[in-house]
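Engineer: Using the sequences provided together with the hints, build the complete structure.
Those protein sequence lines, which keep their order, are chains A and B. Quick note: the first sequence uses my numbering, first residue 1, plus one each step. Quick note: the second sequence uses my numbering, first residue 247, plus one each step.
These are computed hints drawn from the structure, not numbers from a lab. Since the model is a prediction, treat every value here as computed from it, not as a measurement. Just to be clear, a hint being listed does not mean it is correct.
Stated by the list, open to error - Not everything, but these chain B residues come out facing chain A in the computed CB check (under 10 Å): (1) 287; (2) 304; (3) 356; (4) 455.
To be verified - Estimated spans, in silico, between C-beta atoms of each pair: (5) A/62 with B/310: 45 to 53 Å; (6) A/97 with B/656: 25 to 33 Å; (7) B/722 with A/17: 32 to 40 Å; (8) A/62 with B/773: 34 to 42 Å; (9) B/685 with A/199: 53 to 61 Å; (10) B/466 with A/12: 39 to 47 Å; (11) B/355 with A/21: 42 to 50 Å.
What the hints assert, rightly or not - Below are the DSBU-like pairs computed for lysine-lysine, each with C-alpha atoms no more than 35 Å apart in a straight line: (12) B/448 with B/792; (13) A/207 with B/363; (14) B/448 with A/207.
No residue lacks a Cβ here, since even glycine has one placed at the ideal position from N, Cα and C.
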Amino acid sequence: MQVTVRVERSTGTASYSVDTKAQQTVLDVLFYIQNELDETLSFRCSCRVGMCGSCGMVINGKEGLACRTGLDRLGPVVTLQPMRHQGRIKDLVVDMGDFFSKYEAVRPYLTPRPEVQDPIVASPRSKLREAIDLGLECISCGLCLSACDVMTAVPEFLGPAALNRAYNLIADVRDDARDRRLAVVGQARSGVWQCHTHMSCVEVCPKNIAPTRAIAQLKQKLIVRRFMGHRERPIPKLQYIVKEGG
Amino acid sequence: MRTESVDILILGSGGAGLFAALHAYDQNPSLDILVVTKGLLGKSGCTRMVQGGFNVVLDPRDSIERHFTDTLKGGRYINDQELAWALVKDAPETINELETRVGCFFDRREDGTIHQKAFAGQSFDRTVHRGDLTGIEIMERLRDQVLGRGIHVLEEHRAVELVTEEDRVVGALVLDIRRGEFVGISARATLLATGGGPTMYKIAAPSLEKSEDGLALAYRAGALMRDMEMVQFHPTGLLAGAGRVTGSVLEEGLRGAGGYLFNARGERYMVHYDKEHLERATRDVVARAGYMEIMNGRHGPQGGVFIDVSHLGAAFVRKTFPGMVQRVKDIGCDLATGPVEVSPTAHFHMGGVAIDAAGHSSLLGLYVAGEDAGGVHGANRLGGNGVAESTIYGRRVGDALGREAMDLSLTITSEAEWERRAVHHTRFWRRGQGGNPAHLLLELKGLMWDRCGLVRREADLIACQESLEELEARVEHLSVGGDREYNLRWGDALNVESLITVSQMIVRSALVRTESRGSHYREDYPHEDHAHWLKTVYVQQSSESKTMQTMTRDIAFTRHIPEELKEVVNDVVPR
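Structural biologist: And the structure:
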């Protein structure tokens with residue numbers, strides 16, 4: 001299949017004509033261009049199977065991973081742009097520093113409760129995990145931030161991935177930094193209140209995560225806290241969830 | 247040139263590199279630690295790509311002795327027993343730390359305890375996992391913890407040379423890929439944790455930026471290397487035509503759960519190769535069987551064999567292997583309802599830098615952890631022991647670095663010396679018209695697949711060696727143009743250079759080992775020869791002539807003599 005590939009490069013839009021084969025993806029096309037047509041083209045990738053989240057870009061106007069976007073879905077003209085709301089290093093390579101500084105702001109790392117000394121006992125059906133499991137497997141690719149409509153008006157907005165991570169930890173009984181994290185996500189200018197539930201993030205997430213859902217949960221927690229003080233549902237006591245003796 | 251000096255320089259940001267950074271930091275937060283990574287932090291490399299899971303003894307009915315003997319049996323008894331023992335012994339506490347301190351959450355059984363699934367070559371179901379894409383959880387959470395500690399990281403920087411002074415490694419010359427400039431980094435201690443990744447084969451599984459840089463760097467610096475002939479081919483690499491998904495692994499749990507392998511005639515061919523274990527034989531056996539079927543013409547339209555899990559029930563497959571189902575769906579097939587064409591795919595390098603159980607190499611100041619190291623897995627790695635190695639050894643070596651780094655002196659390399667060394671790595675730029683490194687890589691991949699792959703013969707290996715010399719000479723005629731910033735072609739040239747160096751070690755070692763063992767199969771010596779080959783093949787660059795030297799040494803049975811070796815090995819000799 002003959003495909004015209006328009007790439008929004010640092011130097012302007014470049015157009016390439018590529019003869020593609022079955023089962024090829026946008027990433028395959030980029031390699032072909034770089035290897036055979038224009039050695040100066042730059043893009044980023046690593047795993048090529050949707051696990052590392054390095055090759056996010058805007059493909060025919062919509063965010064996607066180059067390695068998981070098959071050409072058969074795209075038609076005879078493919079337009080490739082770097083992700084939005086992020087600085088550009090070169091061509092399709094963006095600086096993910098902004099994405100990760102937002103991510104870091106929510107304290108994305110487990111702050112372990114010292115009394116948790118062994119893996120918790122948590123049935124797959126338990127309420128304990130259900131909430132979190134839906135939001136795990138984020139590969140921090142940045143597509144959700146690129147697609148987020150709020151970012152245009154409010155560049156400080158923490159964005160879907162960071163808030164989704166924050167919720168996962170706030171809902172995690174093993175974590176000890178719940179209050180500090182809630183304070184971060186509740187900030188007026190950068191926090192959850194900026195989200196207007198457009199669900200653009202949900203549409204583009206390659207892992208089928210729904211950050212909007214996590215954001216809604218966070219809003220609910222903040223409202224409960226506001227009106228009921230700290231009398232929200234208590235964190236389960238550890239003796240019920242820690243396996244005895246290990 | 248930019249220069250830096252640090253206490254600990256960590257090359258690589260996979261499971262080994264990041265766990266080492268955390269442990270070194272936690273031992274002594276005042277240490278100046280720098281992580282250098284070829285891609286984005288925690289995103290490049292192969293721990294991230296782990297699918298199946300992590301072998302660990304958690305069940306009281308299992309034992310670390312059993313995990314140990316399974317590992318030795320899988321490695322066909324040429325593992326370094328001390329290294330393999332450290333692996334199985336540290337596995338439970340590593341999983342505990344990942345769950346309770348790092349923040350991972352692995353899949354649970356109905357009763358709420360950690361689920362362990364079946365993998366090949368194991369006497370007990372001991373593989374811990376998160377769905378069928380376990381590496382994402384491990385790397386995201388390790389990365390989060392590194393962010394939390396504020397450890398200094400240089401992303402999209404690659405080491406091109408280790409700097410030695412006498413028999414000491416004193417730092418590394420690093421290329422800043424984004425700017426196209428070099429950085430000279432002096433360090434008291436340097437950890438090599440770039441991961442192996444044998445991508446010099448036509449069909450290969452590792453992430454695309456992998457080029458065994460760490461092994462090439464260590465060899466050129468004079469480190470002692472071992473088991474380089476031992477390259478693992480995974481039996482079920484997906485075939486997706488000209489797409490780059492080709493070669494990616496369909497995880498071992500599919501065979502563990504009872505998946506079948508068929509040839510194009512619809513025969514379950516494993517019956518002819520391992521009647522007892524069938525599809526659950528170890529990777530070396532199953533991969534070679536598939537290769538033989540393919541070479542004998544019983545292959546499908548893409549030159550592969552077929553994996554079929556549909557008899558397990560579509561609902562079960564979709565629930566248990568959602569990542570695999572999705573990947574196969576991406577290429578237009580359905581794993582849950584029918585056969586999928588697969589091929590053996592180059593997956594893992596058992597060989598690497600010779601180390602002790604604290605990660606010391608033969609060069610003072612150079613530590614090695616993860617796939618860059620050799621000896622843990624012997625002649626064949628068990629599925630699920632790979633991410634175990636990278637994380638367990640990351641922890642162990644991180645602890646050693648934290649304890650020892652300040653006892654090593656800091657030697658600052660002069661700016662003039664850095665500049666002198668950098669010139670060599672920019673030589674591709676001085677040429678006008680020259681070869682394309684991407685084309686050279688394709689030639690290398692074809693050569694290694696045909697002549698030094700799953701089935702090896704003396705004549706092929708000698709021919710391969712000669713061809714590699716020719717390819718090596720052609721590296722000097724590659725040319726790179728355009729801007730230096732984020733220049734992928736320059737990266738390709740450096741990659742193919744590393745891969746040729748490592749390929750030469752593979753071929754040389756494969757010629758030395760005149761028997762068949764584990765992943766190394768010699769058609770001209772088709773049997774395992776315990777009487778003569780319970781040995782390690784070492785490779786080292788001669789410090790005077792700069793030529794490749796090989797030597798062999800008997801395996802030290804320091805802990806255990808397997809039943810089937812009792813006739814040829816007498817006593818355990820503790821180290």
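Engineer: Take the hints in turn and mark each one as holding or not.
Structural biologist: Status of each hint after checking the structure:
no.	hint	verdict
1	287	holds, 8 Å
2	304	holds, 9 Å
3	356	holds, 6 Å
4	455	holds, 6 Å
5	A/62 with B/310: 45 to 53 Å	holds, 50 Å
6	A/97 with B/656: 25 to 33 Å	holds, 29 Å
7	B/722 with A/17: 32 to 40 Å	holds, 33 Å
8	A/62 with B/773: 34 to 42 Å	violated, 57 Å
9	B/685 with A/199: 53 to 61 Å	violated, 45 Å
10	B/466 with A/12: 39 to 47 Å	holds, 41 Å
11	B/355 with A/21: 42 to 50 Å	holds, 44 Å
12	B/448 with B/792	holds, 29 Å
13	A/207 with B/363	holds, 23 Å
14	B/448 with A/207	holds, 30 Å
The structure shown violates the earlier hints numbered 8 and 9.
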